[in-house]
Amino acid sequence: MSLNIDQIRGLFPVLHQEVHGKPLIYFDNAATTQKPQSVLDALSNYYGRDNSNIHRGAHALADRATQYYEETREAVREFVGAKEAAEIIFTKGTTESINLVAQTFGRKFIGKDDEIVISTMEHHSNIVPWQMLCEEKGAVLKIIPINDAGEIHFGEFEKLLSPKTKLVSIVHASNALGTINPVRKVIDAAHAVGARVLLDGAQSTSHLEINVQDLDCDFLAFSAHKLYGPTGLGVLYGKREILEAMPPFLGGGEMIKEVTFEKTTYNEIPFKFEAGTPNIADVIAFKSALDFIKQYGKPAIKAHEDALLAHANETMKPIRGFIPVGTAEEKVSVLSFNINGMHSFDVGQMLDAKGIAVRTGHHCTQPLMKRFGIEGTVRASFAVYNTKSEVDKMAEGLAQIARFKNK
Amino acid sequence: MSSIKDIQEEIVSEFEILGDDKESTVFYIMELGGSLGKFPENERKEENIIKGCQSKVWLIADDVDGKVHYQADSNTDITKGLISLLIRVLNNRSPEEILNAELNFINRIGMGSIIGSQRSNGLSAMIKQMKLYAFAFQTKQNA
Ligand SMILES: Cc1ncc(COP(=O)(O)O)c(C=O)c1O
Numbered sequence: 000m001s002l003n004i005d006q007i008r009g010l011f012p013v014l015h016q017e018v019h020g021k022p023l024i025y026f027d028n029a030a031t032t033q034k035p036q037s038v039l040d041a042l043s044n045y046y047g048r049d050n051s052n053i054h055r056g057a058h059a060l061a062d063r064a065t066q067y068y069e070e071t072r073e074a075v076r077e078f079v080g081a082k083e084a085a086e087i088i089f090t091k092g093t094t095e096s097i098n099l100v101a102q103t104f105g106r107k108f109i110g111k112d113d114e115i116v117i118s119t120m121e122h123h124s125n126i127v128p129w130q131m132l133c134e135e136k137g138a139v140l141k142i143i144p145i146n147d148a149g150e151i152h153f154g155e156f157e158k159l160l161s162p163k164t165k166l167v168s169i170v171h172a173s174n175a176l177g178t179i180n181p182v183r184k185v186i187d188a189a190h191a192v193g194a195r196v197l198l199d200g201a202q203s204t205s206h207l208e209i210n211v212q213d214l215d216c217d218f219l220a221f222s223a224h225k226l227y228g229p230t231g232l233g234v235l236y237g238k239r240e241i242l243e244a245m246p247p248f249l250g251g252g253e254m255i256k257e258v259t260f261e262k263t264t265y266n267e268i269p270f271k272f273e274a275g276t277p278n279i280a281d282v283i284a285f286k287s288a289l290d291f292i293k294q295y296g297k298p299a300i301k302a303h304e305d306a307l308l309a310h311a312n313e314t315m316k317p318i319r320g321f322i323p324v325g326t327a328e329e330k331v332s333v334l335s336f337n338i339n340g341m342h343s344f345d346v347g348q349m350l351d352a353k354g355i356a357v358r359t360g361h362h363c364t365q366p367l368m369k370r371f372g373i374e375g376t377v378r379a380s381f382a383v384y385n386t387k388s389e390v391d392k393m394a395e396g397l398a399q400i401a402r403f404k405n406k
Numbered sequence: 000m001s002s003i004k005d006i007q008e009e010i011v012s013e014f015e016i017l018g019d020d021k022e023s024t025v026f027y028i029m030e031l032g033g034s035l036g037k038f039p040e041n042e043r044k045e046e047n048i049i050k051g052c053q054s055k056v057w058l059i060a061d062d063v064d065g066k067v068h069y070q071a072d073s074n075t076d077i078t079k080g081l082i083s084l085l086i087r088v089l090n091n092r093s094p095e096e097i098l099n100a101e102l103n104f105i106n107r108i109g110m111g112s113i114i115g116s117q118r119s120n121g122l123s124a125m126i127k128q129m130k131l132y133a134f135a136f137q138t139k140q141n142a
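Sequence lines, in order, name chains A and B.
Counting in numbering that gives the first Met the number 0, the first sequence runs from 0 upward without gaps.
Counting in numbering that gives the first Met the number 0, the second sequence runs from 0 upward without gaps.
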């Protein structure tokens, strides 16, 4: 099915504005996507109609809010193909999901001289929590090297694995390069030595069909705001038996079964990991974002984005001084690049002056930038509502910017 | 030599000609960056980097016959352009003049909306460092 992009654009109020007197071209989707009207409506309906605290109230509003909240959990279960909704935990975002695993699973099951494997292309949020854990426990962090195209060396990865490996935590799709990692193979190889696998799905969940049971990953972390949903909300999927074996993360209300001053017993999953009043409004509105994706289907969305990326590659290539960064075979719709002799910040400011929103800098992947010997890149990342004519405008703009330095 | 006030007026009217067009403004600032004098390679070191700027900014100052002589550089052209404006206003003046200078041109040309609020903070850090140098030379001169 080919998508009616004009109609889809009509669902996103934010796209219809001018910045610096030019029509907005929003190419910063890997940082956060825009939200369709249905998500905005869901937020305002919740506060205007259903607002109340969930799970405990004995009244109509609380029942309603609880029902909607749990409906989102079920929708997320379906979205990632989990066996049961109890394996879906709501968090603040990918960052919190990874920290949760580090602070609970990690603290309990990773000890001195155990090894955690990550890749060179991780986001800082999939590096720092493990460094903190390693420091505390005397565990060791191992790094999978990558090639110049920005793909992991699978052979080197296999060499890193041993019975000491307790966890492999790897990004499914790189936010800085777009590389899609061969996670299926990674998971099988890790399981063969008895290691658990966490996938950072922040960038993959919006583009790729994901079924956690087929993949057999042990954890999957992602953020609603990169999926056309609200900010400040994320998901941690974990296999039931692992979640049950993990100690709680935060202590407080919701997560307990019974509290006495002598001893507290904990609630069942997922509530064990959702202490305190959760982000009810955003969870409820997230369902509308998932419905939006479901309506069009990820294969159609990805096909559109792939076409945009291919078109971008083609139109940018002839620009003098254009240096692509990250040229993996398998990519999501991320175009990372530099213009010879220019700082990414300058390029970004000049694009912004043309109404084109991109990201510049290290994209929270400093070790990766170091691997490429650069300070940062300009990153354009495409979503379902972007068009070829927007890509053409960026190519025109870039050609002019590049002439500034590459005369 | 024109006063600090006059030079600021000059800059404001130059930017007024560019009007609201962010594109020409950004290009203009980057062109200005090119006019920044060459920075001594041996001074491009950690202790001369100004903290609080997003881009790298190196700043040094010398006391030349009682006047403060600044030299600066950055890894981004836009920042270089901004520095060149500051240097144009403050260079080769007495520490007193620099310390008493009221730099209003930055707000008047709407720099916040041109470079974004984080960069504006960086600009403030630059000004503070320039004034700190002036203060140090003043203290030395009065000693
Ligand atoms: C690959 C990847 N991992 C983790 C994160 C962190 O996500 P959040 O800031 O929503 O917690 C991001 C967001 O930029 C990302 O792209």
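Watch out, some of these pointers could steer you wrong.
No farther apart than 27 Å at their CA atoms in a straight line, the calculated lysine-lysine pairs in the DSSO-like style are these [to be verified]: (1) Lys369/A <-> Lys50/B; (2) Lys4/B <-> Lys369/A; (3) Lys136/A <-> Lys91/A; (4) Lys4/B <-> Lys404/A; (5) Lys316/A <-> Lys404/A; (6) Lys111/A <-> Lys82/A; (7) Lys387/A <-> Lys21/A; (8) Lys50/B <-> Lys130/B; (9) Lys297/A <-> Lys130/B; (10) Lys44/B <-> Lys369/A; (11) Lys130/B <-> Lys404/A; (12) Lys107/A <-> Lys163/A; (13) Lys369/A <-> Lys404/A.
Chain B is faced by these chain A residues, among others (derived, beta-carbon under 10 Å) [what the hints assert, rightly or not]: (14) Lys21; (15) Met341; (16) Gly360.
Calculated from the structure, these hints are not laboratory results.
Note that CB positions come from ideal geometry on N, CA and C, so glycine has one too.
Hint check results:
1. A hinted pair counts as satisfied when its Cα atoms are at most 27 Å apart, and Lys369/A with Lys50/B qualifies at roughly 21 Å.
2. Taking the CA atoms of Lys4/B and Lys369/A, the gap is about 45 Å. The hint is violated against a cut of 27 Å.
3. Distance restraint check for Lys136/A and Lys91/A: the Cα-Cα separation of roughly 25 Å lies within the 27 Å cut-off, and the hinted pair is therefore satisfied.
4. A distance of roughly 34 Å separates the Cα atoms of Lys4/B and Lys404/A; the hinted pair therefore is violated under the 27 Å criterion.
5. With a CA separation close to 17 Å, the supplied pair Lys316/A and Lys404/A stays within the 27 Å bound.
6. The straight-line distance between the Cα atoms of Lys111/A and Lys82/A is roughly 33 Å, outside the 27 Å bound, and the hint therefore fails.
7. Proximity of Lys387/A to Lys21/A is assessed by CA-CA distance (about 17 Å); at most 27 Å being required, the pair is judged to hold.
8. Only pairs whose Cα atoms come within 27 Å are accepted, and Lys50/B paired with Lys130/B is accepted, the gap being roughly 15 Å.
9. With a C-alpha separation of about 56 Å, the suggested pairing of Lys297/A with Lys130/B is violated against the 27 Å cut-off.
10. Annotation: proposed proximity of Lys44/B to Lys369/A holds, straight-line Cα distance about 19 Å (limit 27 Å).
11. Taking the CA atoms of Lys130/B and Lys404/A, the gap is about 33 Å. The hint is violated against a cut of 27 Å.
12. Between Lys107/A and Lys163/A, the direct Cα distance comes to roughly 15 Å. Compliance with the 27 Å bound is thereby established for this hinted pair.
13. A C-alpha spacing of about 24 Å is found between Lys369/A and Lys404/A, which places the hinted pair at or below 27 Å, so the restraint holds.
14. The interface hint given for Lys21/A is met, as the beta carbon of that residue sits about 8 Å from the closest beta carbon of chain B, less than 10 Å.
15. Taken as an interface hint, Met341/A checks out: its beta carbon lies about 7 Å from the nearest beta carbon of chain B, inside 10 Å.
16. Because the closest C-beta pair between Gly360/A and chain B is about 8 Å apart, less than 10 Å, the hint holds.
The structure fails hints 2, 4, 6, 9, 11 (numbered hints given earlier, in ascending order).
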